[in-house]
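Undergrad: One letter stands for each residue in the lines below.
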Amino acid sequence: MTMLRRITRHPLFWPVFALVVLIVVNTISRPSFLSITVKDGGLYGSLIDILRNSSQLMLVSLGMTLVIATRGIDLSVGAVLAVSGAVSLTIIGSSDTPGDLGTVTVAILTGLLVTLVLGIWNGFLVSVVKIQPIIATLLLMFAGRGIAMLITKGQITTITSDPYRYLASGHLLGLPVAFLIAIVVVVLVSLVVRRTALGMLLEAVGINPEASRLAGVQSRGIIWMVYALSGVLAGLAGILYSSNIMAADANNAGLNIELDAILAVVIGGTSLMGGKFSISGTVVGVLVIQTLTTSITFLGVPPAVTPLFKALVVIVICLVQSQKARDMLFSRRRHRTAAPAAVVAEAETEAVAR
Amino acid sequence: MSNDIVAELRDISISFPGVKALDGVDLVLRAGEIHALMGENGAGKSTLIKALTGVYAIDAGTVTVDGAARRFTGTADAQDAGIATVYQEVNLCENLTVGENVMLGREARGPFGISWRATHARAAEALAGLGLRIDPRSLLASHSLAVQQLVAIARATVLDSRVLVLDEPTSSLDRGEVEQLFAVVRRMRERGVAVLFVSHFLDQIYELCDRITVLRNGRLVGEYPTEDLPRHELIAKMLGREVEHLDEIGERAERAALPAAGVPVLRTENLARKGAVEPFDITILPGEIVGFAGLLGSGRTESARLVYGADRADGGTIRLGDRITKVTSPRTALAHRLAFSSEDRRSEGIIADLTVRENLVLAVQAKRGWWRRVPKAQQDAIVERYMTALGVRPADPDALIRNLSGGNQQKVLLGRWLATEPELLILDEPTRGIDVGAKAEIQTVIADLAADGLAVLFISSELEEVVRLSHRIYVLRDRRIIGEIADGADIDVDRIVALIADDRSGEKAA
Numbered sequence: 093m094t095m096l097r098r099i100t101r102h103p104l105f106w107p108v109f110a111l112v113v114l115i116v117v118n119t120i121s122r123p124s125f126l127s128i129t130v131k132d133g134g135l136y137g138s139l140i141d142i143l144r145n146s147s148q149l150m151l152v153s154l155g156m157t158l159v160i161a162t163r164g165i166d167l168s169v170g171a172v173l174a175v176s177g178a179v180s181l182t183i184i185g186s187s188d189t190p191g192d193l194g195t196v197t198v199a200i201l202t203g204l205l206v207t208l209v210l211g212i213w214n215g216f217l218v219s220v221v222k223i224q225p226i227i228a229t230l231l232l233m234f235a236g237r238g239i240a241m242l243i244t245k246g247q248i249t250t251i252t253s254d255p256y257r258y259l260a261s262g263h264l265l266g267l268p269v270a271f272l273i274a275i276v277v278v279v280l281v282s283l284v285v286r287r288t289a290l291g292m293l294l295e296a297v298g299i300n301p302e303a304s305r306l307a308g309v310q311s312r313g314i315i316w317m318v319y320a321l322s323g324v325l326a327g328l329a330g331i332l333y334s335s336n337i338m339a340a341d342a343n344n345a346g347l348n349i350e351l352d353a354i355l356a357v358v359i360g361g362t363s364l365m366g367g368k369f370s371i372s373g374t375v376v377g378v379l380v381i382q383t384l385t386t387s388i389t390f391l392g393v394p395p396a397v398t399p400l401f402k403a404l405v406v407i408v409i410c411l412v413q414s415q416k417a418r419d420m421l422f423s424r425r426r427h428r429t430a431a432p433a434a435v436v437a438e439a440e441t442e443a444v445a446r
Numbered sequence: 002m003s004n005d006i007v008a009e010l011r012d013i014s015i016s017f018p019g020v021k022a023l024d025g026v027d028l029v030l031r032a033g034e035i036h037a038l039m040g041e042n043g044a045g046k047s048t049l050i051k052a053l054t055g056v057y058a059i060d061a062g063t064v065t066v067d068g069a070a071r072r073f074t075g076t077a078d079a080q081d082a083g084i085a086t087v088y089q090e091v092n093l094c095e096n097l098t099v100g101e102n103v104m105l106g107r108e109a110r111g112p113f114g115i116s117w118r119a120t121h122a123r124a125a126e127a128l129a130g131l132g133l134r135i136d137p138r139s140l141l142a143s144h145s146l147a148v149q150q151l152v153a154i155a156r157a158t159v160l161d162s163r164v165l166v167l168d169e170p171t172s173s174l175d176r177g178e179v180e181q182l183f184a185v186v187r188r189m190r191e192r193g194v195a196v197l198f199v200s201h202f203l204d205q206i207y208e209l210c211d212r213i214t215v216l217r218n219g220r221l222v223g224e225y226p227t228e229d230l231p232r233h234e235l236i237a238k239m240l241g242r243e244v245e246h247l248d249e250i251g252e253r254a255e256r257a258a259l260p261a262a263g264v265p266v267l268r269t270e271n272l273a274r275k276g277a278v279e280p281f282d283i284t285i286l287p288g289e290i291v292g293f294a295g296l297l298g299s300g301r302t303e304s305a306r307l308v309y310g311a312d313r314a315d316g317g318t319i320r321l322g323d324r325i326t327k328v329t330s331p332r333t334a335l336a337h338r339l340a341f342s343s344e345d346r347r348s349e350g351i352i353a354d355l356t357v358r359e360n361l362v363l364a365v366q367a368k369r370g371w372w373r374r375v376p377k378a379q380q381d382a383i384v385e386r387y388m389t390a391l392g393v394r395p396a397d398p399d400a401l402i403r404n405l406s407g408g409n410q411q412k413v414l415l416g417r418w419l420a421t422e423p424e425l426l427i428l429d430e431p432t433r434g435i436d437v438g439a440k441a442e443i444q445t446v447i448a449d450l451a452a453d454g455l456a457v458l459f460i461s462s463e464l465e466e467v468v469r470l471s472h473r474i475y476v477l478r479d480r481r482i483i484g485e486i487a488d489g490a491d492i493d494v495d496r497i498v499a500l501i502a503d504d505r506s507g508e509k510a511a
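Protein chains in written order, with this note's numbering: chain A, 93 to 446; chain B, 2 to 511.
Hints listed in this document are in silico derivations from the structure and should not be mistaken for laboratory results. Just to be clear, a hint being listed does not mean it is correct.
[Said to hold, decoys possible] Within a straight-line C-alpha distance of at most 20 Å, the following computed EDC-like cross-link-like pairs (lysine to aspartate or glutamate) qualify:
no. : chain 1 : residue 1 : chain 2 : residue 2
1   : A       : Lys222    : A       : Glu302
2   : B       : Lys21     : B       : Glu303
3   : A       : Lys222    : B       : Asp312
4   : B       : Lys368    : A       : Glu302
5   : B       : Lys238    : B       : Asp211
6   : B       : Lys327    : B       : Asp399
7   : B       : Lys327    : B       : Glu344
8   : B       : Lys275    : B       : Glu303
9   : B       : Lys327    : B       : Glu303
10  : A       : Lys416    : B       : Asp78
11  : A       : Lys131    : A       : Glu302
12  : A       : Lys416    : B       : Asp60
[Said to hold, decoys possible] Which chain A residues stay away from chain B? Per the calculated CB distances, all over 10 Å, these:
no. : residue
13  : Arg97
14  : Thr195
15  : Leu208
16  : Met233
17  : Lys245
18  : Phe271
19  : Asn300
20  : Asn348
21  : Val393
22  : Ala396
23  : Cys410
By construction, the Cβ of each residue, glycine as well, lies at the ideal position given by its N, Cα and C atoms.
Construct all of the structure, not just a fragment, from the sequences and the given hints.
TA: Next up, the structure:
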């Protein structure tokens, strides 16, 4: 009983539960969902697809988690994603040696550098000019696609480059390279955040900016850095996106990905009010969203009702996660109000994050 | 007394993760009576009030209002049952008018929806009933905190509340405002309202209250008519200690020996900020405790914030040691070994959702920058040292600081600043809203630190405390320093009060 309780009280329990339910539903409707086959040294199957396809959202959501922890939000990630794809592909496309590893490296690094600048711009508006994050990043959300259009001259640039294609379609140790890249980045960022004091200071700034300032926390630098990081991560996601379709599509690359990312962060247990954050929660949140997206095609939901279907599932997931909603639904045994319950949840979130 | 019982809490128990906050506590409120709830920080006063006002659900026990058993699942339930609450921080809408605040949800309706004329007229009536003559159409934000609290009480009369809970209503009020509040509270008593009054000021308890309930460590100590409970007995019951012991703490907190003269740690010349503080000159020697005395709004806090760089000065210089230094932000101040503990513990002090440990090391960590994390061993050393030295309870560094009582939060904050090893520590109201025991402990710590050579700038609205601790006192009024009293036989509260009250001294300084 107590063991069961400890598991159900774990902050990651409900997101993981939702993920399992989605997988079970898919499997019941089509048992082949779980099957994994080996072909040319790589694993293939629906589950592997989910991992591969989740890589872009994973990178974007990672940045979003840290931004949200500072009480901010970054709406520009989708547009930034489009910019990096446009930059990289234009460089490769205009090169005489598109298949050359050097060319591809330069293209990728340039793409990331440009998105770093865009992230720094966002951070500047938020931390120095003190524009509200939602407005500050809204600017680039619109302008970013314009920039991408300028770079591609309004065309959908397509290229052939084996090394570049390898990023999204290749396999390493049997797993999709894209997924491995995302996981390595997630682990690296988690390590930096928790091995240095960045995580704690981020949370301090998010929970109480004024008290943090009086304690000498350099909140401007920290907030600035987080937006810059979010930009680069979106840029990396853009590289993976363009590598997947081998084309730069300024209009559709990363469209609405900011909303999926925010959802993933919230499902993972990080509050939009800022403060405590959980990267592991976000990872689970991303898998939930990606599995849901995959299920929609897999279950043959008619395209017309796809958004509605997705919305309904997300609402159910959020309700199930909410302590208050569960109390109302299932039992009135736990007669505690929201405040102390939230305290417990947060204490545990922290334990997980460490 | 044969007054009717209005609200009755019996055998109330509430637990939080790891803490039993209340254990079988009773509280009985009678009509036409002002009831004081007393206890140290962490005794369970706030928790009990929150049980009565529906903020917390209770684990065990019964709540009876007007003879009917109640089970509150939210503050709205408690309000419907006739329980009104006025908090230290007023919970009204500052952007609405006084009248709208008083009548919110009870607006007078005419044939065309809400009749604002009738609503404001009724609000004016309610305000007048409490002896308040303010325009109900004025914005709430345009009034002082004291008046806002009175407006909150007026709202309670409109709601026909049977019980009025006043949680630390006087912490931020000056003497005149307290009188005004008391007049209103007495009027409520005459109307047969049961008043629950919580305050740390013993004088006010004895001036106002008819009956006292004492809590200690989440348990009920007892309920007494005020006239049967002399002051020292009340303190002994709150602390659970013998009275002599308390005297001893008082002795130890006496001023440390006057430091030898040396290079001042701090010297300001014409430091000023428009609209906040007139130019002022102060000096503080190593090992010296310098007090700021003055009423609320006299510029005490504003001056301290300029020294620390929390607000930017627009004139004058700061000299730290023998160098003129530009202190432009808290960050530079900390780098120059200044530390500042704000008067507003909740919004400028604690990081509520972080642990005690994280709150303790925050300033040290900020000083090092985010990349170089304070090593675990050093963190442990800081935690161990300050939690023991300051007696933080519970002694669990991994508890969230929000779950600690006010006094213990204050100790953690004190530890945070001391961990930065400052040369000058600015303490703005370090003992506000905390109980007698913790207060004496903090005073003792301050005196000991000064004896070890730390310079302290001490700000408090309790003049006795300033006088007792300080070697030298600057007296402030109307945003300027109007006098300086050095240590000696003539340093006493009356002298300061006389200085503040003396009109001519202000003109001399002008």
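Undergrad: It remains to establish, for every hint, whether it holds in the given structure.
TA: Hints, one by one, checked against the model:
Between the alpha carbons of lysine 222 of chain A and glutamate 302 of chain A the distance comes to roughly 14 Å, so the proposed pair stays at or under 20 Å and holds. In summary, the hint linking lysine 21 of chain B to glutamate 303 of chain B is not supported, as the alpha carbons are separated by about 40 Å, beyond the 20 Å threshold. Proposed proximity of lysine 222 of chain A and aspartate 312 of chain B is supported: the alpha carbons are some 17 Å apart, at most 20 Å. Restraint check for lysine 368 of chain B and glutamate 302 of chain A: the C-alpha separation of about 16 Å stays at or below 20 Å, so the hint holds.
The suggested pairing of lysine 238 of chain B with aspartate 211 of chain B holds, with an alpha-carbon distance near 18 Å, which does not exceed 20 Å. For the suggested pair lysine 327 of chain B and aspartate 399 of chain B, the alpha carbons sit about 37 Å apart, so the restraint of at most 20 Å is broken. Taking the CA atoms of lysine 327 of chain B and glutamate 344 of chain B, the gap is near 24 Å; set against the 20 Å cutoff, the hint is violated. At most 20 Å may separate the alpha-carbon atoms for a hinted pair to count; lysine 275 of chain B and glutamate 303 of chain B meet this at roughly 11 Å.
Annotation: proposed proximity of lysine 327 of chain B to glutamate 303 of chain B holds, straight-line Cα distance about 17 Å (limit 20 Å). For the proposed pair lysine 416 of chain A and aspartate 78 of chain B, the alpha carbon gap of about 17 Å is at most 20 Å, so the pair holds. For the hint linking lysine 131 of chain A to glutamate 302 of chain A, the alpha-carbon distance of about 57 Å lies beyond 20 Å, and the restraint is violated. A hinted pair counts as satisfied when its Cα atoms are at most 20 Å apart, and lysine 416 of chain A with aspartate 60 of chain B qualifies at roughly 17 Å.
For arginine 97 of chain A, the non-interface assignment is confirmed: its Cβ lies about 13 Å from the closest Cβ of chain B, beyond the 10 Å cut-off. Annotated as non-interface, threonine 195 of chain A keeps its C-beta farther than 10 Å from every C-beta of chain B; the closest such distance is 34 Å. Every CB of chain B lies more than 10 Å from the CB of leucine 208 of chain A, the least distance being 18 Å, so the non-interface label holds. Residue-level check passed: methionine 233 of chain A sits 28 Å from the nearest beta carbon of chain B, beyond 10 Å.
Distance check on lysine 245 of chain A: its Cβ is at least 42 Å (rounded) from any Cβ of chain B, clearing the 10 Å threshold; non-interface status holds. For phenylalanine 271 of chain A, the condition that its CB be more than 10 Å from all CB atoms of chain B holds, with the nearest at approximately 29 Å. The beta carbon of asparagine 300 of chain A sits about 5 Å from the closest Cβ of chain B, which is not more than 10 Å, so the claim that it is off the interface is violated. Every CB of chain B is more than 10 Å from the CB of asparagine 348 of chain A (nearest about 31 Å), matching its label as outside the interface.
With a least beta-carbon separation of about 39 Å from chain B, valine 393 of chain A lies farther than 10 Å from that chain, consistent with its non-interface assignment. Listed as outside the interface, alanine 396 of chain A is consistent with that label: its C-beta sits roughly 42 Å from the nearest C-beta of chain B, beyond the 10 Å cut-off. Cysteine 410 of chain A, annotated as away from the interface, keeps every beta carbon of chain B farther than 10 Å; the closest lies near 21 Å.
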